[in-house]
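Colleague: Chain by chain, the residues:
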Amino acid sequence: MSDAMTSVMTGNEAAATAARLARVQVVAAYPITPQSPVVETLSHWVEQGALLAEFVRVESEHSALSVCIAAASVGARVFTATSANGLAYMNEQVWWAAGARLPVVMCCANRAMAAPWNVLNDQQDSMSVRDAGWVQLYCRDNQEILDTTLQAYRIANTLNLPVLVCYDGFLLSHTVMPVTVPTQTKVDGFLPSTQALPIIDPNDPRNVGQVTLADPRPNAEGVLCHGYMELRALHHQALERALQVIPEVDSVFAGTFGRHWGGLTWKHLLDDAEIVLVAAGSLGMELTVVAEALRREGLRTGVLGIRAYRPFPGDAIRAALGGRRLVIVFDKAISYGHEGPICSDVRAALSVDTAAPIVFGAVAGLGGREITVEQLLAAVRKAHADCCAGMRRRPTEWINLKLQATA
Amino acid sequence: MNASTKDCGHEIAMAKPSAGEAGTTGEWRTLRPELERSRCLAVRQDDVVCQLCWAYCPDVCIQQAIPPTINLGYCKGCGICAEVCPSDAIGMVPEAPGEP
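Line by line, the protein sequences give chains L and R. Position 5 of the first sequence, counted from 1, bears residue number 5 in my numbering, the numbering being contiguous throughout. Offset between the second sequence (1-based) and my numbering: plus 407.
Read the hints as simulated data drawn from the structure, not as lab findings. Note that the Cβ used here is the ideal one computed from N, Cα and C, for glycine as well. Among these hints, one or two may not hold up.
[Said to hold, decoys possible] Selected chain R positions facing chain L (Cβ under 7 Å, derived; list incomplete):
(1) Cys415
(2) Glu418
(3) Ile419
(4) Ala420
(5) Met421
(6) Ala422
(7) Ser425
(8) Gly427
(9) Glu428
(10) Gly430
(11) Gly433
(12) Glu434
Same shape as in the complex, but just chain L (with noise of 0.2 Å):
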């Protein structure tokens, strides 16, 4: 097949597709809902011959990882899935994969952390890892999960990172949409071959990750090593520069493909808004259908949609919402005691700066809640009346709450 075919398939399918044509060398994964379909797929076609790859059946989560980590420190291509729970115990090794600086490609098919226990959409999952270290992409459809994928091989090597690829749960994993399949030829041009830092070679042996103190100290031979601090450093700068490098993935991958998708945001209606509405994954699909309903009722609404949310892009976000009237974030997690974590992040990407609009935040979806256009309408028209009555800040609106006020 020389060119690009177009098929019908769900997002997980979308996931399994990607990661074949990267030509994972290694899969290792535990299945957990909605995610399983990502590594049945992946087994099936290992065991037909159609990937040449070594699929590791684990026991747990942690160990799905650490095989994925093992793998890539030889120099492997790895790819791993999960959702919720499993990364919830996958968690140590999720924070080891960054620091010893493996390109590390992981799924996540969004669903709500129990308890209790729900198999539903929401993104508290992910949301647990931003602080992890890895570079956390969100997708909005099915084309979007597999051409994410696919730059989440050329994000990690380029920068020694993990990436997630996160895509919102049966919203997206279980939906069948049409999805443009490159040829394995393009792909093959699109991705470098796979280079760890290190590559762990027996004739050569190095202990990785090895006991670091607070400060540098000269090794055995007398050559200097950094201390903790160094590394963390070094580490964030990788994710710092990775604001470059998505962007930079993203055009050479519309060189490639034909296809791009906003590199850090994405934006729709938005030049001369006064309301914009911020959401990252299918929920900013959603949230654009709610845009242009409410211009035809002469409410001039955008969106701009998060897709890296690790590292977080704060000039963008500064530049596309300074200025604004109304700024509206809907979060599908809560720090539980705050508010929603995109909103705290934009409230202070936005603080800094003198034009900065009113920002209000909202939780929506938790645990597959249905989200309605009317409900983000109302929710929309409700902010932006307070927001004419002289409003600056109010309690996160919880979308479509049904508990009863109590006397």
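With the hints as your guide, set chain R onto chain L.
Modeller: Just chain R now, kept in the frame of chain L:
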């Protein structure tokens, strides 16, 4: 090699396995093992026997010998050698005066 000017250049924590990779951990010690030759089985039998202290030392600070020798540059003073010695030849002595 001058430790004050040469930088490893690594973006990650990485070392070649070698003695003293984590520094001279002897500085951590508050109790020092002291071997009383006359009690040591190896000395009494004039042969490389017993050597349990060598086998049990978690930091590989003890060399097999008559008697076994302890590298105080790396010994953290954990006292395992004193615990396992079948002839009570090793005692743990405070490094600083006044310590228990």
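Colleague: Each hint needs a verdict: does it hold in this structure or not?
Modeller: Here is how each hint holds up against the structure:
no.	hint	verdict
1	Cys415	holds, 4 Å
2	Glu418	holds, 5 Å
3	Ile419	holds, 5 Å
4	Ala420	holds, 4 Å
5	Met421	holds, 5 Å
6	Ala422	holds, 5 Å
7	Ser425	holds, 4 Å
8	Gly427	holds, 5 Å
9	Glu428	holds, 5 Å
10	Gly430	holds, 6 Å
11	Gly433	violated, 15 Å
12	Glu434	violated, 12 Å
Checked against the numbered hints above, the structure breaks hints 11, 12 and satisfies the rest.
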